[in-house]
Every structure is written in C-alpha cells, then in structure tokens.
Amino acid sequence: MSKSVLKALAATTLSGALAGVIATPLMAQTYNLGRAALPAEIAAWDIAVEPDGTGLPEGSGDVYDGEELWVESCASCHGDFGEGAGAFPVIAGGEGTLTDRRPVKTVGSYWPYLSTVWDYVHRSMPFGNAQILSADETYAITAYILYSNGLVDDDFVLSRDNFLDVEMPNADGFYIDDRIDSEVPQFSAEPCMSDCGEAVHITRRATDLQSTPEGAVTVFALDRQPEAPAEGTDDAAMTDEPMAEDVAAEPETPALDPALVAAGEGLWRQCRSCHTVDNGGRNGTGPNLFGVVDRAAGAVEGFRYSNPMQEVAAEGLVWTHEELDAFLADPRGYMRGTRMSFRGLRDEADRAAMIAYLQSFAE
Amino acid sequence: MTDTSDDDQQQTTGTSRRGFLRTAGLAAGGAVVGAATANAQEADPLITEMQDWASATGEGVDAAPYGMPIRFETDTVRRTVPWLTADPISSINFTPIHALDGTITPQGCAFERHHSGAIELSKSDYRLMITGLVDRPLVFTYDDLMRFPRENHVYFCECAANSGMEWAGAQLNGAQFTHGMIHNMEYTGIPLRVLLEEAGVQPEGQWVFVEGADASSNGRSIPLEKAMDDVLVAFAANGEALRKEHGYPVRLVVPGWEGNMWVKWIRRIGVNHSAVEAREETSKYTDLMPDGRARKWTWEMDAKSVITSPSPQMPITHGAGPLVITGLAWSGRGAIDRVDISLDGGVNWQTARLGTQGGKYALSRFYLEIEWDGSPLLLQSRAMDDTGYVQPTKDELRDIRGLNSVYHNNGIQTWAVYENGAVENVEVST
Numbered sequence: 444m445s446k447s448v449l450k451a452l453a454a455t456t457l458s459g460a461l462a463g464v465i466a467t468p469l470m471a472q473t474y475n476l477g478r479a480a481l482p483a484e485i486a487a488w489d490i491a492v493e494p495d496g497t498g499l500p501e502g503s504g505d506v507y508d509g510e511e512l513w514v515e516s517c518a519s520c521h522g523d524f525g526e527g528a529g530a531f532p533v534i535a536g537g538e539g540t541l542t543d544r545r546p547v548k549t550v551g552s553y554w555p556y557l558s559t560v561w562d563y564v565h566r567s568m569p570f571g572n573a574q575i576l577s578a579d580e581t582y583a584i585t586a587y588i589l590y591s592n593g594l595v596d597d598d599f600v601l602s603r604d605n606f607l608d609v610e611m612p613n614a615d616g617f618y619i620d621d622r623i624d625s626e627v628p629q630f631s632a633e634p635c636m637s638d639c640g641e642a643v644h645i646t647r648r649a650t651d652l653q654s655t656p657e658g659a660v661t662v663f664a665l666d667r668q669p670e671a672p673a674e675g676t677d678d679a680a681m682t683d684e685p686m687a688e689d690v691a692a693e694p695e696t697p698a699l700d701p702a703l704v705a706a707g708e709g710l711w712r713q714c715r716s717c718h719t720v721d722n723g724g725r726n727g728t729g730p731n732l733f734g735v736v737d738r739a740a741g742a743v744e745g746f747r748y749s750n751p752m753q754e755v756a757a758e759g760l761v762w763t764h765e766e767l768d769a770f771l772a773d774p775r776g777y778m779r780g781t782r783m784s785f786r787g788l789r790d791e792a793d794r795a796a797m798i799a800y801l802q803s804f805a806e
Numbered sequence: 025m026t027d028t029s030d031d032d033q034q035q036t037t038g039t040s041r042r043g044f045l046r047t048a049g050l051a052a053g054g055a056v057v058g059a060a061t062a063n064a065q066e067a068d069p070l071i072t073e074m075q076d077w078a079s080a081t082g083e084g085v086d087a088a089p090y091g092m093p094i095r096f097e098t099d100t101v102r103r104t105v106p107w108l109t110a111d112p113i114s115s116i117n118f119t120p121i122h123a124l125d126g127t128i129t130p131q132g133c134a135f136e137r138h139h140s141g142a143i144e145l146s147k148s149d150y151r152l153m154i155t156g157l158v159d160r161p162l163v164f165t166y167d168d169l170m171r172f173p174r175e176n177h178v179y180f181c182e183c184a185a186n187s188g189m190e191w192a193g194a195q196l197n198g199a200q201f202t203h204g205m206i207h208n209m210e211y212t213g214i215p216l217r218v219l220l221e222e223a224g225v226q227p228e229g230q231w232v233f234v235e236g237a238d239a240s241s242n243g244r245s246i247p248l249e250k251a252m253d254d255v256l257v258a259f260a261a262n263g264e265a266l267r268k269e270h271g272y273p274v275r276l277v278v279p280g281w282e283g284n285m286w287v288k289w290i291r292r293i294g295v296n297h298s299a300v301e302a303r304e305e306t307s308k309y310t311d312l313m314p315d316g317r318a319r320k321w322t323w324e325m326d327a328k329s330v331i332t333s334p335s336p337q338m339p340i341t342h343g344a345g346p347l348v349i350t351g352l353a354w355s356g357r358g359a360i361d362r363v364d365i366s367l368d369g370g371v372n373w374q375t376a377r378l379g380t381q382g383g384k385y386a387l388s389r390f391y392l393e394i395e396w397d398g399s400p401l402l403l404q405s406r407a408m409d410d411t412g413y414v415q416p417t418k419d420e421l422r423d424i425r426g427l428n429s430v431y432h433n434n435g436i437q438t439w440a441v442y443e444n445g446a447v448e449n450v451e452v453s454t
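As you go down the protein sequences, you meet chains A and B in turn.
For the first sequence, our numbering begins at 444 and goes up steadily by one.
For the second sequence, our numbering begins at 25 and goes up steadily by one.
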C-alpha cells in the first residue's frame with residue numbers, strides 16, 4: 444500500500460472495520476515489513492569499531508603473538524616488516540613523507556585512528572580468508588603493526604583497556620572537505636569564450652610513457668607523425684615542477700644525484716626483505732647486492748642462482764645500467780624463470796632511482 | 025578493432041578501418057576534399073553484387089535467449105590497466121566510453137570495482153539488517169523489499185579515482201582509461217529514507233554506516249541528511265536485475281557522490297551518532313594536500329566532461345570534411361547546464377549542443393559538428409552545472425591540490441588531433 448494511500452486513509456474518518464485492516468500505526472508511516480533483528484544476529488553483523496572505542500570487544504594481544512600471526516597470515520602481501528610486497532599496501536614506515544613527491548601512506552604515517560586498523564583487520568583481512576581472526580588475534584596483529592611502525596616497544600600488550608591511550612602520529616592530519624569554500628567560488632566565474640590567453644603548445648604526451656595497455660589504441664594512433672616541436676616546446680616549463688611519471692633522469696656521468704639516491708632508498712623497502720645491500724651483508728632469499736651495478740651477473744659467492752640466471756652469467760651478462768633497468772622493469776618478462784618474485788618497477792624514474800641507490804653501495 | 029574475426033569481415037568487404045587508414049595516409053598530401061564528397065570511380069560491389077545476407081536467411085528467434093552484442097562490436101568492452109593494482113580481485117576496470125553513444129551505460133560494459141572480488145549472492149540468501157540507534161532493529165528479505173514503494177532515477181556512478189592517473193601529467197592514451205571509471209544507469213530502488221523510517225531513527229542518530237556482504241565489507245559512513253534525501257536501495261538497473269559485478273541483488277545508490285560509497289551487496293545499515301572512520305574513508309578516499317594534511321569526507325563529484333570521439337581510441341578515419349565531436353558531461357552537485365568546446369587548447373570556445381540533457385547527477389551527452397580542414401586540433405571540453413560551477417583546468421586544480429591527492433581529478437582534458445587523424449592524450453601550456 445502506498446504512502447499516499449495511507450495518508451489519505453489517515454485523513455479520512457475511518458470506520459472501525461477499515462481501521463482494523465490497517466494495523467500499522469499511521470503516524471510512523473511504516474509498512475510493517477521485515478521482522479525484528481535478534482540479538483545474536485545483530486552481534487554477528489554489527490561489528491564496526493569506532494574511533495572512541497565503541498564496538499571493541501574484550502580481549503588483548505601482544506607484539507610477540509602478533510608477529511607470529513603476521514608472518515603466517517599477512518607477510519606474503521605486506522612483507523615481514525610491513526614494508527609491502529609487489530603492489531600490495533605498505534603498512535609500516537613512511538614517517539615524514541606526506542609532503543614528498545611519493546608519499547608513503549602507512550598506519551604510522553597516515554592513518555588517523557587505531558580503531559580503523561582493528562576494524563579493518565578484523566572484518567576484511569587476511570585477504571581471501573577474511574573474518575577468521577578472533578578478538579585476541581586482532582589485538583595482537585594490531586599491536587604488531589604498531590610495533591613495526593615504531594610506535595610501541597616489543598613488550599607492548601594491546602587491550603580494550605589501553606586502546607585509546609595509543610597516540611597515532613597523524614591523528615591531526617585530516618580536515619573536513621572544504622572545496623565549497625576553497626575551490627567552488629574560484630571556479631564559478633563566467634568563463635572566457637574567446638582570445639583567452641596566448642596560443643598554447645603541447646607540453647606532455649601520453650604516448651611517451653607507454654603505460655597504456657597494448658591493443659587498446661589503434662595502430663594508426665601510435666604511428667602518428669611526431670610534429671616538429673613548436674616554439675617553446677622544450678619542456679623547460681616542466682623542469683621546475685618535475686612530474687615524476689616521465690622523468691627520464693638517466694645519469695650520463697657516474698656522479699650520483701643525492702636526491703635520486705634518496706628516492707631509491709625509499710623504494711628499497713620493497714627489496715629489503717629479500718636483499719641486503721651493505722658491504723659483506725648476508726645473502727637472504729636474494730643475493731647481497733653490494734656493488735652490483737656494472738658487475739658480472741650471478742657473481743655473488745655462496746648464493747644459489749636460478750638456472751636462467753646461471754645461464755646469462757655464463758654468457759657474460761654484466762649488470763649495466765641498461766640491463767638492470769630492463770630487468771627491474773619486468774623481472775619475469777626479462778628473465779623467464781627467475782626466482783625473484785618481484786613485480787618490477789614500472790616507472791622509469793623509479794628504476795633510475797633504484798639503480799642510483801644500488802650504485803651508492805660500491806667500493 | 026584488431027580482432028581477427030573482425031579483420032576477416034573487413035577483408036571480405038574491403039571497408040576495414042585499416043583500409044581507411046591506408047587511404048587516409050596516402051591522401052595525406054593534399055586531400056582537402058572530404059571522403060564523403062569524393063566521386064566513386066568504380067561501382068561498389070556491396071551494392072552491385074548480391075550479398076549472402078540478402079539471399080540466405082538469418083538466425084531464427086531464440087538463437088540467444090539473452091542476447092550479446094553482435095560479434096563485430098569487439099571494441100565495446102571493459103578493459104583494465106594491470107599495473108594499477110596488486111591483484112585483479114581488488115581492482116578496477118574501465119567503461120568503453122569512447123565506443124558508446126547516448127547517455128545510458130549498458131550493464132555488461134559498465135566498469136567494475138571490487139575490493140574482495142564480485143561475490144555470488146542469490147535473492148533467497150539475501151538479508152538486509154538495520155541496526156544501531158533505531159527504535160526497531162529490523163531484518164528484511166529480498167521479498168520484503170519488493171513490497172516497499174519504488175522509484176526510478178538515472179544517475180551516474182563515478183569512482184573518486186577516475187582520472188587519478190593523470191595528476192602528474194598526461195599518462196593513458198584513451199578516454200576509456202582517463203575517464204572510464206564511470207557509468208550511468210536508470211536505477212529502480214527503494215528510498216533509503218523509507219527503510220530508515222520503518223526502523224525509526226532515534227534523535228541521536230546522525231550518520232548511517234553501510235556495509236556490503238562481501239569479504240571487504242567496504243563500509244562507508246554517510247550523514248543522515250543525505251541518507252534521508254535521495255539515496256536509493258536499488259535492485260535493478262536499466263530495467264533488469266543488477267549484474268553480479270555491480271552488487272546483485274541489492275546495492276546502494278548515492279547520487280552525485282563518489283562511487284566507493286555505493287556499497288554493493290549491501291547487508292547492514294547501522295545508524296550511528298558519528299562517522300565510523302573506516303578504512304575506506306581514512307586510509308583511502310581521502311585527498312592528500314600539498315601541506316601534508318588531507319581532506320576527508322570529499323563526497324561530491326565536481327562537474328567534469330570529456331570528449332569521447334575523437335579520442336585516442338577513436339581517431340578520425342575519414343579525412344577532412346564534416347566531423348562530429350561528441351562527449352559526456354556530469355556533475356555531482358547538480359545538472360549539466362552547458363558544455364563548451366575548444367579546438368585550440370582553450371584559447372577560443374564555442375558552446376556545444378546538448379543531445380541529451382541529463383537530469384541532476386546524470387550524464388549529459390553533447391555534440392559539436394564542425395567542418396574539419398585537416399589541420400591539427402587541441403580538443404577540450406568544459407562543463408558547467410546549474411550551480412554555476414565551471415570545470416577547471418588541470419593546472420588550476422594542481423595549484424590548489426598539488427600532485428598527490430589521487431582522487432577527484434575533474435580537470436579539463438586535452439586531446440591532440442594530428443593531421444593524419446590520430447589522437448593523443450596531451451597536456452598544453454596555459
């Protein structure tokens with residue numbers, strides 16, 4: 444029965460018989476559909492945890508137990524120390540990077556509320572096997588995440604009682620959307636229709652990046668005749684505000700750019716769970732990489748290389764900048780059968796930074 | 025268009041796109057006369073010779089109880105960008121907006137975004153629970169929902185990250201990839217207000233927290249004012265049941281607001297005093313600003329437009345002469361009032377014709393017919409909504425937001441059209 448009918452009936456003087464038909468209280472305009480949710484049903488589905496701790500169950504867990512659970516259920520995607528694997532999210536680190544060109548947004552550097560960590564781990568993780576963690580296990584993993592971010596000591600025990608005592612570094616880092624004041628007035632002027640400034644020229648081309656999936660764009664488009672550069676098309680305007688995606692900063696000279704090395708250090712987090720880079724560092728899942736640039740491939744003593752790596756080593760492959768760049772761009776595409784289960788660095792600038800970082804560790 | 029079956033067809037008929045391209049390339053020297061006005065030298069065998077389809081019979085009815093597009097339409101498919109995400113289970117693909125016309129997006133090619141994959145949930149297994157600060161916590165079955173009054177509305181759904189890969193500069197070649205995290209459907213659903221009134225929201229209830237039945241839950245907080253305004257609990261799109269990948273059997277529709285809030289497989293609506301600040305509204309879907317702080321609760325999708333043809337995937341294959349420029353425009357703050365088009369990278373503008381003027385929070389289709397002289401163009405479109413908001417340039421946005429805000433990039437798109445008809449995603453000086 445529609446609302447308007449109910450309203451019309453309500454406005455009419457109802458006979459007793461008709462009022463009996465309409466059992467619904469008319470004031471509330473309800474339809475008497477559905478049924479009461481039972482306490483057990485509400486408990487099963489109403490599991491949200493709010494910033495003030497509402498919804499947190501009794502329980503506790505410590506860093507030590509959290510680490511065991513982490514290695515078992517989380518590390519394959521997020522790395523042993525929360526450094527992230529492949530393109531899966533980085534959980535730890537990133538402090539002070541939020542104004543960098545490549546900010547690293549982690550629980551420690553970005554997330555404003557600890558409740559969000561608990562809620563998300565409890566309801567959505569582990570990926571592919573969600574909603575299996577007990578309250579104690581969730582407290583333990585949350586404690587380990589805090590530890591891996593350097594926010595608590597290794598003897599820390601997290602519980603409902605001390606949950607709100609944990610200070611999140613970026614708790615004050617958010618403000619409510621202000622576009623209506625900070626943008627909308629500026630973008631609400633009557634627009635210019637003619638002679639709106641100087642003639643323009645092309646400053647950037649997507650084709651140069653080659654990041655569009657193959658097959659999506661016609662051969663015709665890719666075969667375009669490059670135009671002679673228009674006046675001023677020297678990208679000079681772009682150099683004072685480099686946009687990282689296509690910064691082809693291939694160093695011509697051995698002198699290392701400190702900024703590039705620093706950028707590489709940031710990227711190194713993806714590698715460090717398998718590789719060391721210091722002089723005399725141990726071999727892990729992957730070989731120690733001290734001095735790898737311009738060194739023969741497969742040359743670290745005591746490391747058992749994959750067959751294809753041994754083959755290219757026998758053929759005399761040297762890890763020049765170019766070869767490393769190609770390998771890092773697509774490890775498994777470059778070397779079929781490599782044991783390095785790393786997705787690669789798609790971005791040329793990232794690869795340049797990584798190679799610069801590796802170069803900084805040499806005799 | 026590189027599909028082999030299509031090529032087979034083209035070889036038979038001699039009218040392949042490549043054929044056109046070759047012709048256009050050969051004629052590039054001084055072809056000023058449009059192909060359409062050229063006089064035929066030889067009779068067209070498609071006309072003079074009897075074709076199979078004009079003699080033999082075609083397929084009978086019921087050859088396909090539920091039909092798919094004809095096999096030649098191989099370009100009208102969703103595509104993904106593999107390097108964007110770690111795993112296709114938690115990923116996104118793109119609507120082929122370059123290959124569509126009109127305003128309604130067919131469900132079968134409307135973009136998908138999953139956080140833990142598209143689940144299979146039957147109507148008979150479906151339950152919707154309303155809990156929290158309500159007088160009567162309730163459980164509804166799908167059949168229960170079918171007994172509430174319904175409404176029909178056309179709305180666009182745009183991912184907050186649409187065009188997000190373009191913040192640092194032109195990156196992906198194709199309107200599908202730069203602007204394809206959007207679709208526009210006619211939804212049938214129950215106003216969320218009706219269900220909340222059924223449960224009786226208590227005065228302290230200021231927010232709803234909506235969650236899906238999938239492993240991600242994808243919980244989002246929505247202020248009660250919006251929940252009681254135009255949010256729909258929808259079960260049909262474009263006249264038929266939702267597709268699995270769009271939340272079958274029931275999803276939330278949050279008109280004008282970012283797609284992440286349109287929770288699929290919706291299973292619980294909690295009425296709360298405050299926002300839950302879940303993962304998808306803190307760690308993600310917040311907009312990092314140059315000072316290292318971040319905007320949160322950036323819900324509205326600002327006015328935006330894109331030319332869908334010509335575009336990198338839709339080059340000009342017919343040479344100089346009459347050219348149809350067309351595209352889409354939308355606003356999460358209202359309806360589209362006007363779209364302007366520039367052929368010279370934003371120096372001069374002319375107002376396009378709205379072929380379909382969409383309503384509030386719906387796509388509008390625009391057209392501009394020009395006589396192309398074969399010279400290079402820098403195509404742009406600029407949307408204006410009925411609040412007076414004018415779509416800004418990308419650089420105007422960057423001046424305010426820097427390069428790291430990921431979401432809500434509604435800057436003006438530039439397509440470079442070259443003399444040979446090829447089109448490329450570019451940025452221009454301002």
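Treat the hints with caution; some may be incorrect.
Said to hold, decoys possible - Going by beta-carbon spacing under 7 angstroms, a handful of chain A positions derived as facing chain B:
#	residue
1	Ala486
2	Ser519
3	Pro546
4	Phe606
5	Ile619
6	Ser654
7	Glu657
Said to hold, decoys possible - For each label pair, taking beta carbons as the anchor points, the in silico distance ranges come out as:
#	chain 1	residue 1	chain 2	residue 2	range
8	A	Arg545	B	Gln374	16 to 26 angstroms
9	B	Ala80	A	Gln574	51 to 61 angstroms
10	A	Asp615	B	Pro227	42 to 52 angstroms
11	A	Asp700	B	Ile113	34 to 44 angstroms
12	A	Asp700	B	Thr109	22 to 32 angstroms
13	A	Ala642	B	Tyr391	54 to 64 angstroms
14	A	Ser519	B	Glu249	51 to 61 angstroms
15	A	Asp523	B	Gly263	45 to 55 angstroms
In short, the hints are calculated from the structure, not lab data.
Just so it is clear, CB atoms sit at the ideal spot from N, CA and C, and this is done for glycine as well.
Given the hint of 42 to 52 angstroms, check if aspartate 615 (chain A) and proline 227 (chain B) actually sit that far apart at their C-beta atoms. Between aspartate 615 (chain A) and proline 227 (chain B), where Cβ atoms are some 30 angstroms apart, the hint is violated.
Given a cut of 7 angstroms on the nearest C-beta pair, is the interface hint for alanine 486 (chain A) held or broken against chain B? 10 angstroms, violated
Would the stated hint for serine 654 (chain A) survive a check requiring a Cβ distance to chain B of less than 7 angstroms? At 6 angstroms from the nearest chain B Cβ, serine 654 (chain A) passes the 7 angstroms test, so the hint holds.
For the hint on phenylalanine 606 (chain A), just tell me whether its beta-carbon gets within less than 7 angstroms of chain B. Violated - the Cβ of phenylalanine 606 (chain A) stays beyond 7 angstroms from chain B, reaching only about 14 angstroms at its closest.
Quick one: are alanine 642 (chain A) and tyrosine 391 (chain B) within 54 to 64 angstroms, going by C-beta? 26 angstroms, violated
Taking the beta carbons of aspartate 700 (chain A) and isoleucine 113 (chain B), is their distance inside 34 to 44 angstroms? Given range 34 to 44 angstroms: holds, Cβ gap about 38 angstroms.
When the least beta-carbon distance from serine 519 (chain A) to chain B is tested against 7 angstroms, hint result: 11 angstroms, violated
Is 45 to 55 angstroms respected by the C-beta to C-beta distance linking aspartate 523 (chain A) and glycine 263 (chain B)? 51 angstroms, holds
Do the numbers back the hint for proline 546 (chain A), that is, is its least Cβ distance to chain B under 7 angstroms? 6 angstroms, holds
Given a hinted range of 51 to 61 angstroms, is it respected by the beta-carbon distance of alanine 80 (chain B) and glutamine 574 (chain A)? 58 angstroms, holds
Is it true that arginine 545 (chain A) and glutamine 374 (chain B) lie within 16 to 26 angstroms of each other by Cβ? At 40 angstroms between Cβs, range violated.
Given the range 51 to 61 angstroms, decide if the beta-carbon distance of serine 519 (chain A) to glutamate 249 (chain B) lies inside it. 43 angstroms, violated
Taken one by one, the earlier hints fail for this structure at numbers 1, 2, 4, 7, 8, 10, 13 and 14, listed in ascending order.
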